[in-house]
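Participant: Residues per chain are reported as follows:
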Amino acid sequence: MKILIVDDSPDSQMLLKSALGGAGYTDLLIADSSLEAFKHLGMDDKSRVSTDIDLILMDILMPDMDGVEACRLIKSVEYLRDIPIIVVTVKDEINYLQRAFAAGAVDYITKPLNKMELLARVRSALRLKYEIDRRKNHEQELLKIMQQLEESIYVLKRLSSIDGVTEITNRRGFEDFLEQEWKRAIRYEIPLSLILLDIDYFKSYNDTYGHQKGDDCLKQVANALKQALHRPADMVARYGGEEFVLVLPNTNSQGAVLVAERLRTAIESLEIVHSKSDVSKHVTISLGVATMMPSLNSSHAALVEAADQALYLAKQEGRNRIKMSDLTSKNDPVKLAL
Amino acid sequence: MSILIVDDSIDSQLLLKSILKASGFSDLLIAGSSVEAFRLRGMENSGEPVGKEVDLILMDLLMPGLDGIEACRLIKTVEFLHDVPIILVTATEEVRYLEMALEAGALDFVSKPVNKVELLARVRSAIKLKYESDRRKALEKEMDKLRQQIAEHVKN
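Protein sequence lines correspond, in order, to chains A and B. The numbers in our numbering rise by one with no breaks, and the one at position 331 of the first sequence is 331. The numbers in our numbering rise by one with no breaks, and the one at position 143 of the second sequence is 1143.
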């Protein structure tokens, strides 16, 4: 623990030094004046942010600048604020003390110096400094721990919203995302489109090639869907089984159908052989597109429901095709075959 | 901030009480002896603390029965009192005892006859220390809680 002694009298300096030294406080700095003390504290250096001084013993009566004023100046510096200052005063200067306390002194010692008093006061102030240092360390550590916790929660949240097989967003992640985009669309009065799609004859694909190949197929499809999306705001998720879902914020029905067609051709051009498909030699998908202008009177369940119906129609009408429900107009689902 | 005064002299009790009250410390507990002080805080059962928490103890150094030195030593062995600062109230001729009391765990002292400026300087500085150690301990608790949370997250 480092102690700074500020006193203009060489006799006092000597006395303090020997009393403190005798008690094991050997890391002492001596200043003859307030200004010299400021130098020790680095107050002349504007870029300083710390010091290793733990306690200041400050004589009150000094020429030029007195101890009270020096105390006030030291306490006005951020990195020096927590260093305890004990003022040293002769008995009849007691009226100075109120000013010294107001300036931030923690306690005082009277001259002529009494060794026992000095050591008790120094020990007590150093304990205070030690507690302050520990408290500040803890505060920083706590901040670090909280950051860690936030990061791990973020990672876990991400993990819990990712599908294990395809490594794209899962049903839960999709529902969170849809809800959020639904609210955003209401706020900004922009359309929201959704594409629900299904791999054609996937059950027979699995039966023919086995579950391992089935999973590989799901992975390839998921990857191709992801690649086919060009806007970072769009999201693709595994809806369950061989069903996938895409959310396209701020996209009208025309835009959504264009995306759907891009997806359909993307899967087709993967050319994953499927001998048991009735519509193609390769794996294909059927897609249902739905678009809505979200409002407080409607729900996103209706959007999913509309896309589901459109998908059902696409299946009914022969698969490997797109159907859409445009709920932005009052029309019934438009049957649009591409 | 609650202050426990331990002094066998009624006059001393009254003086300390009036200075502290006049300076805004209204939450004062008075004990006429160390043993009574221990009873106030449940130390005699050597079990759970009773009564409300004390932030500072002002203790007469020389008392009949259990003196201030022994009392300091005992208080420092009790976990829930360990960090409560003890300021001794002492007449100047008791220097030898004072040294022993500081070794036994007292934080600092005020000399008799008690003077207002000195008492308040000591009390405020001790309360500052108590405040810092309370905050430090609260932070430690919070950190432990967070660490546990993290460990649980990792497990799941």
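Don't take every hint at face value.
Examples of chain B residues toward chain A, derived with CB under 8 angstroms [unchecked claim]:
(1) E1099
(2) S1125
(3) E1132
(4) K1141
(5) E1142
(6) Q1148
Ranges between beta-carbon positions, derived for each pair [to be verified]:
(7) B:L1014 - A:L28: 41 to 47 angstroms
(8) A:N114 - B:H1082: 26 to 32 angstroms
(9) A:A301 - B:K1052: 53 to 59 angstroms
(10) B:Q1148 - A:V165: 42 to 48 angstroms
No wet-lab data here; the hints were simulated from the structure. Since the structure is predicted, the reported quantities are computational estimates derived from the model, not experimental observations. Where a beta carbon is used, it is the ideal one built from N, C-alpha and C, also for glycine.
Participant: Indicate, hint by hint, whether the structure satisfies it.
Facilitator: Tested hints:
{"no.": "1", "hint": "E1099", "in the structure": "7 angstroms, holds"}
{"no.": "2", "hint": "S1125", "in the structure": "5 angstroms, holds"}
{"no.": "3", "hint": "E1132", "in the structure": "4 angstroms, holds"}
{"no.": "4", "hint": "K1141", "in the structure": "10 angstroms, violated"}
{"no.": "5", "hint": "E1142", "in the structure": "6 angstroms, holds"}
{"no.": "6", "hint": "Q1148", "in the structure": "11 angstroms, violated"}
{"no.": "7", "hint": "B:L1014 - A:L28: 41 to 47 angstroms", "in the structure": "42 angstroms, holds"}
{"no.": "8", "hint": "A:N114 - B:H1082: 26 to 32 angstroms", "in the structure": "28 angstroms, holds"}
{"no.": "9", "hint": "A:A301 - B:K1052: 53 to 59 angstroms", "in the structure": "56 angstroms, holds"}
{"no.": "10", "hint": "B:Q1148 - A:V165: 42 to 48 angstroms", "in the structure": "33 angstroms, violated"}
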